[in-house]
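Keeping their order, the protein sequence lines are chains A, B, C, D and E.
Here our numbering = 1-based position in the first sequence + 12.
Here our numbering = 1-based position in the second sequence + 250.
Here our numbering = 1-based position in the third sequence + 87.
Here our numbering = 1-based position in the fourth sequence + 80.
Here our numbering = 1-based position in the fifth sequence + 77.
None of these hints come from the bench; they were simulated from the model.
Worth double-checking, as some hints may not be accurate.
[As the list claims (entries may be wrong)] Using 25 Å as the maximum straight-line C-alpha spacing, the simulated DMTMM-like pairs for lysine to aspartate or glutamate come out as follows: (1) A:308 with E:208; (2) A:481 with A:73; (3) D:225 with D:198; (4) D:99 with C:93; (5) B:305 with C:285; (6) A:194 with E:131; (7) A:415 with C:148; (8) B:580 with D:198.
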Amino acid sequence: ESERGDDDGQSGGGQTGGTMTFATEGAPKLFDPFYATDGATFRTSQQIFEGLVEFKPGTADAEPGLAEKWESSEDGKTWTFNLRKGVKFHDGTDFNAEAVCFNFNRWYNQTGAGQSPAVTGYWQDNFGGFADGKTPSLYESCAATDESTVELKVTRSTSKLPDILGLPSWAMQSPEALQKYKADEVVAQGDSFVYPEYATEHPTGTGPFKFSKYDEANGTVELVRNEDYWGEPAKLDKLIFRAIPDETARKQALEAGDIDGYDLPGPADWEGLKSAGHQLLIRPAFNIFYLGIGQKNVAQLRDLKVRQAIAHAIDREALVKQQLPEGAEVAENFYPDTVTGWTDEVESYDYNPDKAKQLLTEAGAQNLTVNIYWPTEVTRPYMPSPRDLFGLIQGNLEAVGIKLTVVSKPWNGGYLEDVDSGKADLFLLGWNGDYNTPDNFVGNFFSDPNNRFGTGNSPWGATLSDEIKAADSEPDADKREQMYVELNKKLKSEYLPAVPISHSPPALVVTKDVSGLVASPLTDERFDTVSIASS
Amino acid sequence: MKVHFPIRRGVVLDKTVGYVYAVDGVDLAVRQGETYGLVGESGCGKSTLGRAMLKLTEPTAGRVVFDGVDLSKLKGEPLRTMRRRMQMVFQDPMSSLDPRQSVESLLVEGMRAHGLDKDKASTAARLRELLSAVGLPSTSLRRYPHEFSGGQRQRIGIARALSVQPDLIVADEPVSALDVSVQAQVINLLEDLQAEFGLTYLVIAHDLAVVRHISDRVGVMYLGGLVEEASSDQLYATPLHPYTKALMSAVPVPDPEVEDLRERILLAGDLPSPANPPSGCRFHTRCPWRQETLCDTERPELREVLPGHRVACHYAEDIRDGRIRAHEVKAQLVQDDWDVSPDSSLAGPASVTETLG
Amino acid sequence: MSTRTDKIDELSARAADDAGVSLAAAAWRRLRRNPVFLAGAGIIVLFVVLAAAAPWLAPHDPSVPMLGDQVVKARNQIPAVQDGHPLGGDQNGRDLLSRLLLGSQQTLLVGVFATLIGLGGGLLLGTLAGALGGWVDTVVMRAVDVMLSIPGLLLAVSIGALFAQPNQYTVILAVAIVQIPIFARLLRGTMLAQRHSDHVLAARSLGVKQRAIVFRHMLPNSLGPVIVQATLVLAIAIIEAAALSFLGLGNPDDRIPEWGQMLGQAQTVIDSHPQLAFWPAGCIIVVALGFTLVGESLREALDPKSRR
Amino acid sequence: MALLEVRDLSVTFHRRGEKSTVAVDGVSFDVEPGQTVGLVGESGCGKSVTSLAIMGLLAKRGATVSGSAKFDGTELLTLSDRQMRDRRGRDLGMVFQDPLSSLNPVISIGLQVTEVLERHRGLSRKQAAVEAAELLDKVGIPDPKRRLTEYPHQLSGGMRQRALIAIALACRPRLLIADEPTTALDVTIQAQILALLAELVRETETALIMITHDLGVVAGLCDEVNVLYAGRVVERSGRHDLFRVPRHPYTHGLLASIPRLDAPKGERLSPIRGSVADNIPWTGGCAFAPRCPHAVDRCVETTPEMVVDQVVEGDRLLRCHNPVEPAGRAEQEMLS
Amino acid sequence: MLRYTIRRLLQLLVVVLVLSLLLFAWLRSLPGGPVSALLGERATAETRERLTEELGLNEPIFVQYLKFVGRALTGDFGVSTGVQPGDSAAEIFVQRFPATLELSILAIVIALAVGIPLGYLAARRRGGILDNLSVVSSLIGVAVPVFFLAFLLKQVFAVDLGWFPTAGRQAGGIDATRVTGFFVLDGLLTQEWDAAWDALRHLILPAIALASIPFSVVFRITRASVLDVVDEDYVRTAESKGLTSPVIRRRHVMRNAMLPVVTTIGLQTGALLAGAVLTEKVFAFPGIGQALALGFERRDYPVLLLLILCAAGVFVLINLLVDLSYAVIDPRIRTRGVR
Ligand SMILES: Nc1ncnc2c1ncn2[C@@H]1O[C@H](COP(=O)(O)OP(=O)(O)OP(=O)(O)O)[C@@H](O)[C@H]1O
Ligand SMILES: Nc1ncnc2c1ncn2[C@@H]1O[C@H](COP(=O)(O)OP(=O)(O)OP(=O)(O)O)[C@@H](O)[C@H]1O
Ligand SMILES: [Mg+2]
Ligand SMILES: [Mg+2]
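Same shape as in the complex, but just chain A:
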């Protein structure tokens, strides 16, 4: 029996109308994507808001959004965006160049709690500092040259543009609503932050769905169709996101017909869900799972041979086959092959315990004793079951004679903290890509030599950092690609700061009545094309 409303009788052939209930892991923290860091918020905001740039459904590639087209200056420091016309915010105000600049200035002019890494982490990762100039910023200025043209100036060329503008965080919000509901009044309170009315109750964008209500007691967010959408209006009357934290509970809710689909089915359930007639939509893998090697504490780990031995010791094929879902692949680079600069010419460390032992002997590290960290109480798309993955890796490493001191800590209960502070010699971690540039991966990992891998402890740590920055700043696309290819090769053969293990695809599942949903590698599916057959 379905919980969907009974009001979808008028819809012909299930094309328009109806309500869809989609279960997610968590409830959104807030609805202002600028302040958000959590997936649940982004999922909702993706339906309500649009950015200048959007990602093409099913890929991580940028395509025009609210900007119909754009171009950059030679030096890559000035970007001109031509805006779509006739677009209105949900509150009826116009979307125009001024609104765009209003948004940029809002971001750039954050003060107080708005500058906390916990609040505007994305801005600081992507654009750097704020107007107060304490930290250099990528952003320089925004000017509305006319009603529908925006000129964006940045302080240096970066590979990230324009793709980063497709991130949900940089979605366009109604200046009027932002002001009316005091959107910037975020304050630190106790151990956390309190967000203003705008962020919790009045998100106002241009997207195909409008915010209707958030029933916190029940953990459901209700969105309704934006009838005045500039493009093709959404098919669904109503879209409901419902938080069901427990994975098994999500599955059972689907089986019982309480919901129409849910996010992140456990890999073990995929087969069952499919055979029960549901549609399993596998997202292209856009992540990386690696075995991190910390070079801070154990001198032997600074020896490339030892790190290579570790790479040879791990049976990645078996790991992928046994533990990872359908579509998972062994990783050779530090990012998936859809990202620029990916190359298969890297040194691939095949599973070879004998070689590993030999390398260890050569390095005089037969008695290598290291700690190995693995996280409990967490699943990540790149790491569906840390315990099982760890089990295999542990077996592999022990098989070549490495002595392991196992440390398991809860993800939020010390694991990340310890890993980040360099306590871990070996550790399991990974990354979900935000957008399609190499810098989003390798830049994140290694550009700061004082990273969790402790590359700063090796002579090449600083070099690596410089190489990454250079590649990122290269305005010429072809040159840039070549630089990344080289970087990837060196990362594997000369540096090997970690062993890339796998890319594994997350999935979502919907009932057979649902059509039009396109799985996104960035896990930011849009539901405006979705329709549901009345049952």
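Starting from the structure of chain A, add chains B, C, D and E with the ligands where the hints point.
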């Protein structure tokens, strides 16, 4: 001697808001070698007095002088050593014997505590001696209290008291838990032991007949105070206190002829609460001989009316000589609600164990 | 004359046949005939034997994924029943039967140690409070009240969650700590009752030293209910340890198998591979039932009220 | 015809897994209207069980009752549960030993009195309350109106027992069974209660069965006395005769072992040896034999029958092979 | 009675204060916490440090505690970092408490409605088939882990048979007005019958699972106490009055036998809260229990702190209520307790 139990209640900290006057100004002497009997109705403070005399309950005021030593000043080790000389026999022969100790260890325990078990042989001999003194077979040593009948258990209790060769034994209702047919055995035993070891007894009982039978002198208690004291014959022959008279007349005698002829003094009403004792003479609320005002306001002293016969009554002589007539008494209400500590019943989870976590 | 005494002896022997048996002996006699007790004791003995013999009984090493190559998460494949693996394998390709067998060790250890620690702590606190009374009693009991004011499992879960690095010992400790106040309170109650009992008074009036009174008289006589409680706590401890594992707060290292953890892990595949959940669940239920049956029948047997 | 005729009443208790015990073993006695009959004996001799069997209050399971108890010609033992309920409280009243535990602690005294009036006399709440106040007044409870609204714990022991008596007498039963009604009370209160009972019985012509272990109580109150030992009546007689010339060694022993307030001092008590635990079953002989100073071989060979005593005058029934010689009688008379 | 209540409330306050200090110190001394929760895997050592400083987490614990108490007095118990990030802990409590209360009440009602009559019948037919069966089943009820039972119930009645919903408090499509936060009550108040019915259907399975332990306890206590009471002298007195059996059962047996049951109900709230952690997790029921489970999983310290304190407070408070109601039911305490 006074023993007052505080009644505590309060909001945050307990404070004492009243006292139970369990024993209130009792003054008595037990002579060496005699048996002193103490009677009174339930709750009148007999046991408390007995315990306070052995310093098992701390007296609120007053002193106990035992063989020239002031017990109230004793503490710790000297008190412990002193205890050897004064022992107690309890009412309930079952609950006063640790069910997990064999008779042997029950008996040896006290001897050990006072260094009386010097060597195995002498201890064994002493144990046999004790058992034969109280008339138990020597095979009893290895057995446990529950394997004995009530009378036998009481014998074990007596043997335990004897084990440390005491001078004084306080027997708190030693026979009232026993079947009528067995009572006599224990009473005889107590008498025999006294003759044999020259013990001094303080026997507490509510049965006047038993007390009179066993004692040389008898004290009658009413509501925390001693109302009359005399040699047992004299007490029976000429009870002077109205309460004693009433008590006497209330004891049924297993002889129809006597019963048919007897003139009863029926007391009206019940024993008042010791937490809120009547003013003046404690007995005035039920006394058929009560006289206006004096009895209600002034508490009579225990005074010697005849040689060796002390009475706490303002009008003892007048009553004896018939100068005052008995009159009818209207029963008064006695509210029985003073012995409450609210926390005992309201203290929340008393049976957490029942809830399984 | 002699014939008469003989006859009397014979007759009274017959009459007294069932009179005058000790509390413990009487309890034991009732227990021996109580099917509930027998069933419970049977279960416990069986599992204790299994646990003790597990290293020899288990056909394989429970920590080695010897059937690992038959595991394909992507297709939800888990090694099926096959030669040498009568119950098949688990999610990681380890022999299920061996894990179940070895798991009994862990589960019983958790139960037993949690109970022992709880009992020990409770015994210490309860004895202190009950024997000394006064301010010690007040302080200890207020502390116990604070602990009792958090619901049991919640406390265990909090403790379990709040250990920086959960492992098998933290589970034991978490479950044990919860039991301490319960035992303490129970013991203190009985000890207090003992303090005012006639036989303790008698010992006191004999001049027996305080320490001897506590250890020879009060404690032994207070232990009955505590022992009964301990039996029940064993069952509770096993279930609570399982709940901790279910909440993901158990021992994260699963090379040493434990039923609660096996059950917790099997949840995600319960509809496709129910055996992974049902075996450990069944074992937990049966063992917990065993202890509960024994505990309840002990309680009943020792309760004088039930002897009608 | 007697008001109550008990014939051969036996009660056997069965417990799973244990030997069944015969608590009452062929007890017979009669009670006439207005008469007070005493049942005396030591603890556990079957006094209470006898009374409960007559009242039909023994648990159906676990207890077998045989024999007959005819009340006014009606056989009580075979009455249906319903019929029995109609009689209890109306024709048959009962007062129990422990006045505190015999009153329901959570219900007001008033309701406990009125419910029986409502049940058997069909009175309304109001009428019953008025009647109840009168009843309490009659049994000597001061301020009865207020007492009706109070709860048992608020009354003193004596008052509770009075309340129980009021309940038992509420419907003017023709037979009242009092099972140790004064044992839990102090002597002065006991005297009040006994006087009250005696007065009520005299006033209302109610037949009274008085159960007690206190020979003194029996001596003051009963017309006829049955002495029980181990579930059987061992001696029956009018009270004057019984106390003057006890014939059964047990009765004799009892009388000799209690200290008497009026006896001269210094006399040693002569206890019965052994204790109740030394009983032997009646099947093989006399249950009292092990403790009996008069026992002869016959006592353990054949069970003595209840026979009319030929030696002393009066209706005396006796169950003994070797009774105490009335010689003791002269001795006793001399002493008194 | 009033003084007694005040006294107990003061005790409660002390308990909560002591507990808050202990919990606070403990939570703060642990690794992880708000910083990890807020930053996730994006964190770098540097941002971590910055945030730690911003949030004042580098100050001495007692300073932090005093600040916390200061804020707590204004009703601010901090903001959730993991359960419902961004919502204040107090808000989460207010939102979720009615859910758990609703669930617990239904569970207790089920436990009492089944446990008491069954306990009475089992006691009256002691040793009979019904007695043995129900005793054994109550023992099994204790031995089966609550979460497993919840799981089975859900699989069978919700997933396979589809009789009940599997998760949550209310179906997505139902447009219910919220008044009190108690969904069933809200539905009745606003006369949105479908919402009320739907909310009730969501409650049934979790409530049954949750009721399993209180049921066992209520059943066994009722049985034991009926067994005790029927042997009491006053029941014999009642029989001797010739009262009819319904009157005896109601007035004399059950009224007394219920006294210990009432005490247990209070103690059961503890078990219920614990059970709710497990049941709500299984049924994705957005109540206190789920928040606790999530809080543990995601190390949401502000929420944990508040919820554990509240749980303790509620537990103590309910026991106080039970004790007071005990006094109302039992005149022995009522008449003596009043002063
Ligand atoms: N520890 C105590 N705290 C408060 N009151 C007490 C305590 N012990 C005894 N009392 C009260 O003191 C009074 C005297 O008690 P005591 O035991 O001495 O009486 P008794 O004469 O021995 O009575 P009984 O014949 O019933 O044994 C009683 O009212 C009793 O309730
Ligand atoms: N319900 C029962 N089940 C088994 N045995 C019982 C039961 N009730 C009484 N008895 C036994 O029957 C015998 C007679 O008991 P009863 O209560 O009649 O004695 P009593 O003469 O009234 O003694 P007391 O003076 O102690 O009241 C005792 O041995 C007792 O153990
Ligand atoms: Mg006493
Ligand atoms: Mg009796």
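Could you tell me which of the numbered hints above are not met by this structure, giving the numbers in increasing order?
1 and 8
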